[in-house]
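**Q** Sequence:
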Amino acid sequence: MLITDSDAQTHQPTAFQPLPSSYLQRSRIVAIPACNEADHIVPCLLALARQDGLLPHKVIVWINNTQDDTRHQVRSLQDTLPFEVESVCVSYSPDQAHAGRARHDAMVHAAHYAPSDALLFTTDADAEVAPDWMTQTLGAFIRYNVAAVFGRVLLLPSEFKKIPLHLHKDDEKEQAYAALLEHIKALLAPTPYDPWPRHSERSGASIAVTREAWQQVGGIPPEPLSEDRAFYAALHEAGLPVRHAPEVKVYVSARLVGRARGGMADTISRRIVQQDDYLDDALEPVSRCMLRLRKKKKYSDRNDISLKSSDSSTRVNRADLHLHHRRAQRVIDFLLQKDACKFFMSPQNEGNPAGKSHRVPHEPAATDTDDRPE
1 MLITDSDAQT
11 HQPTAFQPLP
21 SSYLQRSRIV
31 AIPACNEADH
41 IVPCLLALAR
51 QDGLLPHKVI
61 VWINNTQDDT
71 RHQVRSLQDT
81 LPFEVESVCV
91 SYSPDQAHAG
101 RARHDAMVHA
111 AHYAPSDALL
121 FTTDADAEVA
131 PDWMTQTLGA
141 FIRYNVAAVF
151 GRVLLLPSEF
161 KKIPLHLHKD
171 DEKEQAYAAL
181 LEHIKALLAP
191 TPYDPWPRHS
201 ERSGASIAVT
211 REAWQQVGGI
221 PPEPLSEDRA
231 FYAALHEAGL
241 PVRHAPEVKV
251 YVSARLVGRA
261 RGGMADTISR
271 RIVQQDDYLD
281 DALEPVSRCM
291 LRLRKKKKYS
301 DRNDISLKSS
311 DSSTRVNRAD
321 LHLHHRRAQR
331 VIDFLLQKDA
341 CKFFMSPQNE
351 GNPAGKSHRV
361 PHEPAATDTD
371 DRPE
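Just so you know, we're using full-length UniProt numbering here: the sequence shown kicks off at 1 and counts up by one.
It should be emphasised that the hints constitute simulated quantities derived from the structure, not laboratory data.
Owing to the predicted nature of the structure, the values given are computational and were not obtained by experimental measurement.
One thing to keep in mind: the hints can contain errors.
As the list claims (entries may be wrong) - Calculated pairs, DSSO-like style, for lysine-lysine (alpha carbon to alpha carbon, straight line, at most 30 Å): (1) K296 with K161; (2) K169 with K249; (3) K58 with K295; (4) K173 with K296; (5) K173 with K162; (6) K173 with K249; (7) K173 with K161; (8) K162 with K249; (9) K58 with K173.
Unchecked claim - Computed Cβ-Cβ distance ranges for the label pairs, DEER-style: (10) Q337 with T66: 54 to 60 Å; (11) P192 with A97: 24 to 30 Å; (12) Q78 with K295: 51 to 57 Å; (13) Y92 with A238: 25 to 31 Å; (14) P197 with H72: 41 to 47 Å.
Built from N, CA and C at the ideal position, the CB exists for glycine as well.
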């Protein structure tokens, strides 16, 4: 299902200073947390072995709180894989037995013996990276000179039928709206290191980061849920440039019994029983998104500008999604006109953040019903 976040990078970072060595010459180390993943870890490792051109130098499988034969499956491949594989078995207490702790510790272990300019990667044990995953990731580092690269997470084609068709259709609509919001952000607050097209996902299934940036923010936070989003937030807070590369792809399973309470699997299972009335909190109304961006620009020296609220009036009702989608597309059409962005971001238009009085030429004006969800 949709993995997204509403905050876009809107500032030019100054703290990031990459080491002089080429990204292609850096050591590439992949850390994979695994808990009872005997059914998936072999396809996961084989996908890494099938990389076009660039391969990992080392892969660490962090086997935690596992009762199946995940470790045996890893060892059965060790002599056949074109990279070094290390399996580490640990057991956490119940309060620490979660993906955030496992991913944090796996990355710490990966970084411990790594060169200071290494590139650290992480993915999930039930994931299969695309054949060009590593090449495209390195390409993003080189082209945009960033501290980290987040890839897209898609469903394995073989797992498609596990989820009802109506949920796939709902997800397509959500992702289309998320892309429109991201396009608006890219137009109003462009960044040279994360230009359009880009995505808005921050998933642990596809993260790559320089060792120096990873160390600067203290690693991946050992949060019981959404440690990947928390890691992005730490990078963003530190002013480190991050690229959301749509060409970097990884494919995951569609399991309905997850390893993390409240995670992706729980969301899918809940929506199969009854679809959520509202979209993900990150998918805000267009006018609210634009007002937040303008306030960030106005108070550029502050990092706490937020308009988030649990009030349902600030969220997108699924039944009204087509209206929000239409509104977002109208805004993009207008922003693509010359000097349109200056209108939306200028202080004198503070009371009209969504530019409602300025319609796209030759397009019928929206009715009150169209704009009501905004």
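**Q** Are the Cα atoms of K58 and K295 separated by 30 Å or less?
**A** Not OK: K58 and K295 at ~45 Å, beyond 30 Å, violated.
**Q** Does the Cβ distance between Q78 and K295 fall inside 51 to 57 Å?
**A** At roughly 53 Å between Cβ atoms, K295 and Q78 fall inside 51 to 57 Å, so the hint holds.
**Q** With the threshold set at 30 Å, check whether the alpha-carbon distance from K173 to K161 stays at or below it.
**A** 18 Å, holds
**Q** For Q337 and T66, compare the CB-CB distance with the range 54 to 60 Å and indicate the outcome.
**A** 56 Å, holds
**Q** Starting from the range 24 to 30 Å, see whether the pair P192 and A97 falls in it by beta-carbon distance.
**A** 41 Å, violated
**Q** Check whether the Cα positions of K296 and K161 lie no farther apart than 30 Å.
**A** Given that 30 Å is the threshold and the Cα spacing comes to 43 Å, the pair is violated.
**Q** Run the distance test for K173 versus K296: straight-line Cα separation, threshold 30 Å.
**A** Answer holds: K173 to K296 is near 28 Å, not above 30 Å.
**Q** Can the restraint linking K162 and K249 be considered satisfied, given a maximum Cα separation of 30 Å?
**A** With a Cα-Cα distance of about 21 Å, the restraint between K162 and K249 holds, given a limit of 30 Å.
**Q** Against the 30 Å threshold, does the CA-CA distance of K58 and K173 hold or violate the hint?
**A** Violated, at about 39 Å.
**Q** Is 25 to 31 Å a correct range for the gap between the Cβ atoms of Y92 and A238?
**A** Given a distance of about 28 Å, which is inside 25 to 31 Å, the answer is holds.
**Q** Hinted pair, alpha-carbon criterion (30 Å max): K173, K249. Please report holds or violated.
**A** 20 Å, holds
**Q** Between the alpha carbons of K173 and K162, is the straight-line distance 30 Å or under?
**A** 19 Å, holds
Checked against the numbered hints given earlier, the structure breaks hints 1, 3, 9, 11 and satisfies all the rest.
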